[in-house]
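Assemble the whole structure, with the sequences as input and the hints as a guide.
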Amino acid sequence: MDKISAPAPDAWEELVTSALLGTARRTPPGVAPGPEAPAALLDAAAVETVRRRAGLRPPRAAQRPQPAPEDTRPPLPAAAARRLAMLLADRPGTGGGGRRGTAPDLMELLPQWLATANARRYAAPPQLLPALLDAARGRTDLRPAALAFAGSRATWLARLNPDWRFALRATPGGGTALPSPQDTAGVRRLWEEGLFAERVALLSAIRAREPAAARELLATTWATERAEDRLMFLDSLRTGLGADDEPFLEQALADRSRNVRATAAELLSALPGSALAARMAVRAGACVAVDHTQDRPTIAVEAPHECDSGMERDGVVAKAPSGRGERSWWFGQLVEAAPLGVWPGRLGGRTPEEIVALPVADDWRNELHAAWCRAAVRQRDALWARALLGTPAAPEAGGPGAVSLAERARLLSTLGSAERAEWVAAFIATHGLSEAFQLLGVCGVPWAAPLGRAVVDALNIARDAGSYPWSFSGVMGLAERCLDPAEAGRLEGLMAVPDEGEDASPGAGGYWAEAFQRLVTTLRLRAVMAEELGLT
Amino acid sequence: MTQQGVRWTADQVLALAPDTASRKAGSKLGAAGPWSEAGSSDEGTVWGLCKGSGSKPYQTVIDIADAAGPAYKCSCPSRKFPCKHALGLLLLWAGGEGAVPPGPTPDWAEQWIAGRRQRAQEKRTADTAGSAAGSGDPEAARRRAERRAVRITAGATELEQRLTDLLRGGLAGAEQAGYGMWEETAARMVDAQAPGLAARVRELGAIPSSGPGWPVRLLEECALIHLLDQGWLRRERLPDGLASTVRSRIGLPASADGPAIRDRWLVLAQYDTADARLTTRRIWLLGTDSGRTALLLSYGAAGHAPELALPVGLELEAEVSAYPGTGQMRAALGEQFAPPAPTSTRPPGVTTEQAAARYGEALRDDPWLDSVPVTLDRVIPAPDGDSWQLVDAEGDSALPLTASARSRPGLWRLVALSGGAPVKVFGECGHRGFTPLTAWPEGAGEAVLLC
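Residue numbers (UniProt numbering), protein chains in the order written: chain A, 1 to 536; chain B, 1 to 451.
Don't take every hint at face value.
[Said to hold, decoys possible] Derived pair list, reagent style SDA-like, types lysine to any residue, alpha-carbon separation capped at 20 Å:
(1) B:424 with A:65
(2) B:424 with B:306
(3) B:51 with A:509
(4) B:424 with A:62
(5) B:51 with A:105
(6) B:51 with A:497
(7) B:51 with A:235
(8) B:123 with B:338
(9) A:319 with A:254
(10) B:51 with B:77
(11) B:51 with A:490
(12) B:123 with B:77
(13) B:51 with A:494
(14) B:73 with B:344
(15) B:56 with A:497
(16) B:123 with B:65
(17) B:56 with A:509
(18) B:73 with B:125
Calculated from the structure, these hints are not laboratory results.
And the structure:
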């Protein structure tokens, strides 16, 4: 039946019934049975059809949707809106595929575009929200940035389309606004009556602005919370952690739940001035000493013989994972939780560099250094991180030394971005790109000039060495996204197809030229994108 | 006027793409990367060298000054038209000032442009000469038309007989008969040189399997075919305009011999529909001075984009001539006085009540009309069970969306654009509901394509 409603007079019903049955069996009123009946029925039906269509009236309106909340952010510049449409049109699986050629991988630039647009606090163009939500639906890593950019209208849309339900889940409380911190009654009510996700969001929001207020809010209901909720709430104290938090955390060390105790201990050990840190310093200190009886000073390790209840209360996990000796397991935890500042005093007033350089007796070196790495990362101690990282050009830095690549990447993240970039640049200059991927991942975007230059030089060397570019596709992809667009000019010379050397892999030169062309194209595109978003 | 002053938007450029793959490939090339020596001239030529997989870069030239849409030339081997390089170059041009700086036209581009301009000149001279001479033998043409009319009459009579038989036996029987019967009848109508009848008959075959309420729809369509048959058989007794409408609905060719109307025509919508053999492109124009609506049709072989491309949001000053027949909106594009240029003009709109009334009135001139082009002012898309409506912002009536519009991604663009606030929507309003094609936000903003 037509969707537009019209009065359905009986005459039409009669015509339909007769047509369905056939005029041989039944004729509508006013049509005589006989050979002329079908034509007469069609005549009447034609008149009726046109009459019905001409008389259609719009039906009554259904309920209107609640208007979407207004987006107060400034609108995106027109060129940037077009760019976004283009980035979103480049969805994986929409044809193409295979070799990438010289064209940039637009979808890979979307995270960067979104980050810039969010930093500039632009509002998303409403008509692009469906494509944006579809993209975020397929890629969970895009969701936080995409939903932040999409704003409240995306949540509004998601309520109308089940395909985008993830947007409601991702937004705490389905997008209900959090009360302002000044609204004490509102905060209190939401904290006491809200859903778990709403409460976590509330606590994190307050913690970000007023760390003490968040802790006090948590303390009001701490005793009545469920163990897994306590764990999550405690975790949100990680932001803005300070000495004020110690009494509360110290009290949480006596918690019924082991996970809560472990988290409280971890947080306390990140506070070098805390009582727990002091207790750990004593315990760890008892295990490590300088042995002067050898030819040269050597660190001697005497791992703890038992895990007493005091250690357990301070978060040491007594049961070692299978395959690890329990004494070394306990030892690692003690050193990790002890403040790094105690070691120079304990080990003859040496600097961290000197301490790291000391030989360690009885194969304890790896265990001890790994624990110091974890401590340096936890306490964000750049001095120790630098000492443990060592010189990037040192020969053993390229191999799997005492400190693994993953640990180095974590240590690097405690350093300032310039220093980080410089270290990685020097590392690449000595050891090439094959081990550099993980380290490059922790460097700030865009890459600082020395780092960018080191990567490009290393790629150039790899090309001259005759290997294929896809052996470096990970680094190439990173370079496309992270290299400073200003470097594009310096890369021009690499875009030509070089003469094939004798020991080069066949055709590699052409592929390298293509890869460099893609790199330059992508860099130019990123420069244009940044410009469109108002960055210069 | 200079071409550089008014750049197209990326959407308008991408609307020229023959298919999704080209659209995608073109957008990738729309970055400064693979291009070198790109430039543009004030006469509306854009050129550039695009580095492809070969050693020699492709030479791409586009003439955007041509009023019938841009013309392209590219040295790449692609058979797509326009190829991805042309699209990429146009995107680059649409993107902004820096990428295609004004400059002297290189020789390779100049040669092609000069050749084009000369051919266009020759064609114009030939046209004026040709129309004076007339074409063919009028007497022979008249005899051909008579022979065809006799065939159609035979076909229409036969079709009447089939409909009569169907109604005598009852539509219930049609459910079992299936497609076969209608396919065969449609083939008879093709033989009778009545393609309009053939298409209508073919559609009858799908109705019995189209869900609840099919007998009503089948009776309606049978009755309208009967009406068309009868219109043809008695065309001598119909007023001239209506007789032309019948001839056009039957599928007889006509020429756009209506008076040329010069106006600034606003492009309201452009969309393609494709079947196995043919891509049909519909372009809706609105005369900003005359207020007339015109439909331009162009065709391409399956898989190829029709040549005429007028992206939404452009305005062109041109003459348009209507095809004969009452209630017929089809027209042909005549002389164009300026290349299409972007505009912020929006069409005036009406309420849902007025839109429904407009369809009703249009049926007086053409009872076979399925829908009329309408712009709705201040309507809010609202969910209604599984379906959607466009609700008047002030008032409590609403137009339901057609079933096909409900399943298109354009629906969500419309809903997102509105966000519960009133929008302006151009589309086709008929007995099946409303099909939105283009929308404008309440505040400032470009037209958003929904089809």
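Quick rundown of the hints versus the structure:
Among the hinted pairs, residue 424 of chain B with residue 65 of chain A is consistent with the structure: their alpha-carbon atoms are about 17 Å apart, no more than 20 Å. Pair hint residue 424 of chain B plus residue 306 of chain B does not hold up; C-alpha atoms about 28 Å apart against a cutoff of 20 Å. As the CA atoms of residue 51 of chain B and residue 509 of chain A are separated by approximately 16 Å, the hinted pair is consistent with the 20 Å bound. Pair hint residue 424 of chain B plus residue 62 of chain A holds up; C-alpha atoms about 19 Å apart against a cutoff of 20 Å.
In summary, the hint linking residue 51 of chain B to residue 105 of chain A is supported, as the alpha carbons are separated by about 17 Å, within the 20 Å threshold. Of the pairs offered as hints, the one joining residue 51 of chain B and residue 497 of chain A holds, with about 12 Å between alpha carbons and a cut-off of 20 Å not exceeded. Taking the CA atoms of residue 51 of chain B and residue 235 of chain A, the gap is near 53 Å; set against the 20 Å cutoff, the hint is violated. For the hint linking residue 123 of chain B to residue 338 of chain B, the alpha-carbon distance of about 19 Å falls within 20 Å, and the restraint holds.
About 19 Å separates the Cα atoms of residue 319 of chain A and residue 254 of chain A, which keeps this hinted pair within 20 Å; it holds. Taking the CA atoms of residue 51 of chain B and residue 77 of chain B, the gap is about 14 Å. The hint holds against a cut of 20 Å. With a C-alpha separation of about 19 Å, the suggested pair residue 51 of chain B and residue 490 of chain A falls inside the 20 Å cut-off, and the hint holds. Under the criterion of a C-alpha separation no larger than 20 Å, the hint pairing residue 123 of chain B with residue 77 of chain B is inconsistent with the structure, at around 28 Å.
For the hint linking residue 51 of chain B to residue 494 of chain A, the alpha-carbon distance of about 14 Å falls within 20 Å, and the restraint holds. Note on residue 73 of chain B and residue 344 of chain B: the hinted pairing is violated, with a Cα-Cα distance of about 30 Å set against a maximum of 20 Å. Under the criterion of a C-alpha separation no larger than 20 Å, the hint pairing residue 56 of chain B with residue 497 of chain A is consistent with the structure, at around 12 Å. Proposed proximity of residue 123 of chain B and residue 65 of chain B is supported: the alpha carbons are some 17 Å apart, at most 20 Å.
About 16 Å separates the Cα atoms of residue 56 of chain B and residue 509 of chain A, which keeps this hinted pair within 20 Å; it holds. Pair hint residue 73 of chain B plus residue 125 of chain B does not hold up; C-alpha atoms about 24 Å apart against a cutoff of 20 Å.
Checked against the numbered hints above, the structure violates hints 2, 7, 12, 14, 18; every other hint is satisfied.
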